[in-house]
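Participant: Chains as they are written, first to last, in this note's numbering: chain H, 1 to 110; chain A, 1 to 113.
Worth flagging that the hints you see were computed from the coordinates, not collected in a lab. Idealized CB from N, CA, C, for every residue including glycine. Treat the hints with care, since some could be wrong.
As the list claims (entries may be wrong) - Take a look, some chain H residues computed to stay more than 12 angstroms from chain A by CB distance: (1) Met10; (2) Ser12; (3) Tyr13; (4) Glu17; (5) Asn25; (6) Ala28; (7) Ala66; (8) Ser70; (9) Val85; (10) Asn94; (11) Lys97; (12) Ser98; (13) Lys109; (14) Pro110.
Said to hold, decoys possible - Calculated cross-link-like contacts (lysine to any residue; reagent style SDA-like; alpha-carbon spacing at most 25 angstroms): (15) H:Lys69 with A:Lys9; (16) H:Lys3 with A:Tyr64; (17) H:Lys3 with A:Asp96; (18) A:Lys9 with H:Lys109; (19) H:Lys52 with A:Tyr100; (20) A:Lys9 with H:Val85; (21) H:Lys52 with A:Asp38; (22) H:Lys109 with A:Asp96; (23) H:Lys109 with A:Val88; (24) H:Lys52 with A:Pro61; (25) H:Lys3 with A:Pro39; (26) H:Lys3 with A:Arg97; (27) H:Lys3 with A:Gly40; (28) H:Lys54 with A:Tyr103; (29) H:Lys69 with A:Glu101; (30) A:Lys9 with H:Gln42; (31) H:Lys52 with A:Gly40; (32) H:Lys3 with A:Val60; (33) H:Lys3 with A:Val88; (34) A:Lys9 with H:Lys54; (35) H:Lys54 with A:Asp96; (36) H:Lys109 with H:Ala60; (37) H:Lys3 with A:Lys9; (38) H:Lys54 with A:Glu101; (39) H:Lys69 with A:Gln85; (40) H:Lys52 with A:Ile95.
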Amino acid sequence: LAKTTQPISMDSYEGQEVNITCSHNNIATNDYITWYQQFPSQGPRFIIQGYKTKVTNEVASLFIPADRKSSTLSLPRVSLSDTAVYYCLVWNTNAGKSTFGDGTTLTVKP
Amino acid sequence: NAGVTQTPKFQVLKTGQSMTLQCAQDMNHEYMSWYRQDPGMGLRLIHYSVGAGITDQGEVPNGYNVSRSTTEDFPLRLLSAAPSQTSVYFCASSIDRGLYEQYFGPGTRLTVT
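The following block holds chain H by itself, in its conformation from the complex (with noise of 0.2 angstroms):
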């Protein structure tokens, strides 16, 4: 299963596009590229996923560059709510599991 290296940390303020990026260099061609958020006390909740280029969703953006050995998730303008740990984990769908590294902690400060 591919590795994958974040920040430990972030901060930033209300109203920012914050940019998370995660290297995973061992990525194999059928693993595909997840971000979760979990709040304290919570279960991980999924945010989007992707194979390569860009993806989409209402609440953010996902940037896969054509060598995949890294992404980055774009959050727009945040909020303090989305204070929470960010993990970006490569899915393997032969094996159907991930794992996932030690997240980045964003501080959204007012």
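Using the hints provided, position chain A relative to the given structure of chain H.
Facilitator: Coordinates of chain A only, in the frame set by chain H:
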């Protein structure tokens, strides 16, 4: 539609005791998994199942057993609890092993003394 439910929410065990953490989902999902999360750390996969009657090991399977006799239920058994198993345990489910999001339960906080 309750989603993924886990019981109990909290549990304290003495070293050497055994117990079963319950997990159930009502979404007819084929894929279910168990993770543990130690303080300040990410989630580590313990066991997973791609369907009833099929289970496989994740990253940290030692000390845990699972079975999947129905689509809905995926219990996790601790055979002989150790302090190193103090953690928060999350159960998750998804439509199948493919490209679908996992839905996580609220977690069970286990302390082994």
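Participant: All hints, please: hold or fail.
Facilitator: A quick look at each hint next to the structure:
With 12 angstroms as the threshold on Cβ separation, the claim that Met10 of chain H sits away from chain A holds: the shortest Cβ distance comes to roughly 16 angstroms. With a cut of 12 angstroms on Cβ distances, Ser12 of chain H stays outside the contact zone with chain A, its closest approach being about 21 angstroms. Every Cβ of chain A is farther than 12 angstroms from the Cβ of Tyr13 of chain H; the closest lies at roughly 25 angstroms, confirming the non-interface assignment. Against the 12 angstroms criterion, Glu17 of chain H stays outside the reach of chain A, whose nearest CB is about 24 angstroms from its own CB.
With a closest Cβ-Cβ approach of about 18 angstroms to chain A, Asn25 of chain H is found to remain outside the 12 angstroms limit, as its non-interface label requires. Look at Ala28 of chain H: its CB is around 15 angstroms from the nearest CB on chain A, clear of 12 angstroms, so calling it non-interface holds up. Every Cβ of chain A is farther than 12 angstroms from the Cβ of Ala66 of chain H; the closest lies at roughly 20 angstroms, confirming the non-interface assignment. Distance to chain A confirms Ser70 of chain H as a non-interface residue, since its nearest Cβ pair spans about 18 angstroms, more than 12 angstroms.
Against chain A, the non-interface label of Val85 of chain H is violated: not every CB pair exceeds 12 angstroms, the least being about 8 angstroms. Not every Cβ of chain A is farther than 12 angstroms from the Cβ of Asn94 of chain H; the closest lies at roughly 8 angstroms, contradicting the non-interface assignment. Not every Cβ of chain A is farther than 12 angstroms from the Cβ of Lys97 of chain H; the closest lies at roughly 6 angstroms, contradicting the non-interface assignment. The beta carbon of Ser98 of chain H is not kept farther than 12 angstroms from every beta carbon of chain A, the shortest such distance being approximately 8 angstroms.
Every beta carbon of chain A lies more than 12 angstroms from that of Lys109 of chain H, the smallest distance being close to 21 angstroms; the non-interface claim holds. Distance to chain A confirms Pro110 of chain H as a non-interface residue, since its nearest Cβ pair spans about 25 angstroms, more than 12 angstroms. With a C-alpha separation of about 38 angstroms, the suggested pair Lys69 of chain H and Lys9 of chain A falls outside the 25 angstroms cut-off, and the hint is violated. Proposed proximity of Lys3 of chain H and Tyr64 of chain A is supported: the alpha carbons are some 24 angstroms apart, at most 25 angstroms.
With a CA separation close to 22 angstroms, the supplied pair Lys3 of chain H and Asp96 of chain A stays within the 25 angstroms bound. Our distance criterion of 25 angstroms between C-alpha atoms is broken by Lys9 of chain A and Lys109 of chain H, whose separation comes to about 31 angstroms. Annotation: proposed proximity of Lys52 of chain H to Tyr100 of chain A holds, straight-line Cα distance about 16 angstroms (limit 25 angstroms). For the suggested pair Lys9 of chain A and Val85 of chain H, the alpha carbons sit about 21 angstroms apart, so the restraint of at most 25 angstroms is met.
As the CA atoms of Lys52 of chain H and Asp38 of chain A are separated by approximately 32 angstroms, the hinted pair breaks the 25 angstroms bound. At roughly 38 angstroms between alpha-carbon atoms, Lys109 of chain H and Asp96 of chain A are farther apart than 25 angstroms, so this suggested pair is violated. Only pairs whose Cα atoms come within 25 angstroms are accepted, and Lys109 of chain H paired with Val88 of chain A is rejected, the gap being roughly 28 angstroms. With a C-alpha separation of about 32 angstroms, the suggested pairing of Lys52 of chain H with Pro61 of chain A is violated against the 25 angstroms cut-off.
For the proposed pair Lys3 of chain H and Pro39 of chain A, the alpha carbon gap of about 20 angstroms is at most 25 angstroms, so the pair holds. Distance check on the hinted pair: Lys3 of chain H and Arg97 of chain A sit about 19 angstroms apart at the alpha-carbon level, within 25 angstroms; holds. A C-alpha spacing of about 18 angstroms is found between Lys3 of chain H and Gly40 of chain A, which places the hinted pair at or below 25 angstroms, so the restraint holds. Between Lys54 of chain H and Tyr103 of chain A the alpha-carbon distance is near 24 angstroms, which keeps this suggested pair within the 25 angstroms criterion.
At most 25 angstroms may separate the alpha-carbon atoms for a hinted pair to count; Lys69 of chain H and Glu101 of chain A meet this at roughly 22 angstroms. Under the criterion of a C-alpha separation no larger than 25 angstroms, the hint pairing Lys9 of chain A with Gln42 of chain H is consistent with the structure, at around 11 angstroms. For a cut-off of 25 angstroms, the pair hint linking Lys52 of chain H to Gly40 of chain A is broken: about 30 angstroms separates their Cα positions. Straight-line distance between C-alpha atoms of Lys3 of chain H and Val60 of chain A comes to about 15 angstroms, which keeps the hinted pair within the 25 angstroms bound.
About 22 angstroms separates the Cα atoms of Lys3 of chain H and Val88 of chain A, which keeps this hinted pair within 25 angstroms; it holds. Annotation: proposed proximity of Lys9 of chain A to Lys54 of chain H is violated, straight-line Cα distance about 39 angstroms (limit 25 angstroms). With a CA separation close to 24 angstroms, the supplied pair Lys54 of chain H and Asp96 of chain A stays within the 25 angstroms bound. Between Lys109 of chain H and Ala60 of chain H the alpha-carbon distance is near 19 angstroms, which keeps this suggested pair within the 25 angstroms criterion.
Restraint check for Lys3 of chain H and Lys9 of chain A: the C-alpha separation of about 30 angstroms exceeds 25 angstroms, so the hint is violated. For the suggested pair Lys54 of chain H and Glu101 of chain A, the alpha carbons sit about 18 angstroms apart, so the restraint of at most 25 angstroms is met. Of the pairs offered as hints, the one joining Lys69 of chain H and Gln85 of chain A is violated, with about 34 angstroms between alpha carbons and a cut-off of 25 angstroms exceeded. At most 25 angstroms may separate the alpha-carbon atoms for a hinted pair to count; Lys52 of chain H and Ile95 of chain A meet this at roughly 22 angstroms.
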